[in-house]
Amino acid sequence: MSLVVMVTLPPERAHDVARTLVQERLAGCVNVVGGVQSVYRWQGEIAEDPETMLLIKTSGEKYPELEARIKSLHPYEVPEIIALQFDRALPEFQAWLRESLEDRK
Amino acid sequence: MSLVVMVTLPPERAHDVARTLVQERLAGCVNVVGGVQSVYRWQGEIAEDPETMLLIKTSGEKYPELEARIKSLHPYEVPEIIALQFDRALPEFQAWLRESLEDRK
Amino acid sequence: MSLVVMVTLPPERAHDVARTLVQERLAGCVNVVGGVQSVYRWQGEIAEDPETMLLIKTSGEKYPELEARIKSLHPYEVPEIIALQFDRALPEFQAWLRESLEDRK
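Chains as they are written, first to last, in the UniProt record's numbering: chain A, 1 to 105; chain B, 1 to 105; chain C, 1 to 105.
No lab work stands behind these hints, which were simulated from the structure alone. No residue lacks a Cβ here, since even glycine has one placed at the ideal position from N, Cα and C. Don't take each hint at face value.
25 Å max Cα-Cα, derived SDA-like pairs, lysine to any residue [stated by the list, open to error]: (1) C/Lys71 with C/Glu92; (2) A/Lys71 with B/Gln37; (3) C/Lys71 with C/Pro91; (4) B/Lys71 with B/Glu12; (5) B/Lys71 with B/Pro11; (6) C/Lys71 with A/Val36; (7) C/Lys71 with B/Glu102; (8) B/Lys71 with B/Glu102; (9) C/Lys71 with A/Leu101; (10) B/Lys71 with A/Val36; (11) B/Lys71 with C/Lys71.
A short, non-exhaustive set of chain C residues, derived as facing chain A with CB atoms under 8 Å [what the hints assert, rightly or not]: (12) Gly35; (13) Val39; (14) Tyr40; (15) Met53; (16) Leu84; (17) Gln85.
In silico negatives: residues of chain B with every beta carbon more than 12 Å from chain C [to be verified]: (18) Arg13; (19) Arg41; (20) His74; (21) Pro75; (22) Gln85; (23) Asp87; (24) Arg88; (25) Pro91.
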């Protein structure tokens, strides 16, 4: 089973986190989407922040380790980490993704 | 069950709709993604419009009320409102989302 | 069953592919999201490319034909083509989407 994991980050941190996750084989590919404005409720008030969104492609098997790593890298106390399951995908892309996540010596 | 709800809007309306949905506790958090160009078929012709996308985090229980509210705020006759289910998420984020959606006195 | 299909492309190709898919009734609507930076592993190294993301709204029935068409239009050997299933959607939008995908004489 494969997943798209959505994470939002302060813009200045997004690129380094994306590279780290690919470097450590926790993600096969990360799309870094800039120019996001996030609106939320914090301590009873409506707050807004500019953010960057990561769309992280990984497997169900890697997810627990990925989630823990994002938590350790993320500056927020409660980061947004949401996983959506692929319904289908190009088979060659699925194969490439599995291979990208395999640990090598 | 939690949902990411995708909605596209004219850019000048997106920010106010996002704030309204959080203010009314129909969404815990909304990401406003600018710079979208939408291509579609309308009355037999290919049409294009600049739009802004909202990625709205909510619960299955709130969805019917959220959908009705977006319809009432949206300038199009047939707005795009699509909900995707979380497969998993950071437990602390899920707890924060539930709390953000609770009605308070 | 309806799908959101995520595809990433070189920015200069994205707009034409979006129009072609709508023109050929393989998609009811395509959102073209610019300003994406993709990070991935290629031949053992971390690589990065500017890309544009398409979010393609289609049906499960049309998916095989859509996937084949994207492969034929896409300049990469292994394009990213990922489909996520709608959990719910505005009924009028679902009806509009079905109608947009119907072949006409």
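Whether glutamine 85 of chain B stays farther than 12 Å from all C-beta atoms of chain C, as the label says
Violated: least Cβ distance 4 Å, not greater than 12 Å.
Given the hint that lysine 71 of chain C pairs with valine 36 of chain A, does the C-alpha gap stay at or below 25 Å?
Distance ~30 Å between lysine 71 of chain C and valine 36 of chain A Cα, so the pair is violated.
Does the structure keep lysine 71 of chain C and glutamate 102 of chain B at a Cα separation of 25 Å or less?
45 Å, violated
Would you check the hint for lysine 71 of chain C and leucine 101 of chain A, treating anything up to 25 Å between C-alpha atoms as holding?
Roughly 23 Å between the alpha carbons, so the hint for lysine 71 of chain C and leucine 101 of chain A holds.
For the restraint on methionine 53 of chain C, tell me whether the closest CB of chain A is nearer than 8 Å.
6 Å, holds
Status of the stated non-contact between aspartate 87 of chain B and chain C (beta carbon gap over 12 Å):
Violated: least Cβ distance 10 Å, not greater than 12 Å.
Would the hint on tyrosine 40 of chain C be counted as holding, given a Cβ-Cβ threshold of 8 Å to chain A?
4 Å, holds
Satisfaction of hint between glutamate 102 of chain B and lysine 71 of chain B, Cα-Cα up to 25 Å
22 Å, holds
Arginine 88 of chain B remote from chain C - nearest C-beta pair above 12 Å:
14 Å, holds
Mind checking the alpha carbons of lysine 71 of chain A and glutamine 37 of chain B for me, to see if they're no more than 25 Å apart?
Judged against 25 Å, a Cα distance of about 33 Å means the pair is violated.
Is lysine 71 of chain C close enough to glutamate 92 of chain C, meaning Cα to Cα at most 25 Å?
Judged against 25 Å, a Cα distance of about 31 Å means the pair is violated.
Pairwise hint evaluation, glutamate 12 of chain B against lysine 71 of chain B, where the allowed Cα distance is 25 Å at most:
The hint holds at about 17 Å.
The earlier numbered hints that this structure contradicts are 1, 2, 3, 6, 7, 11, 19, 20, 22 and 23.
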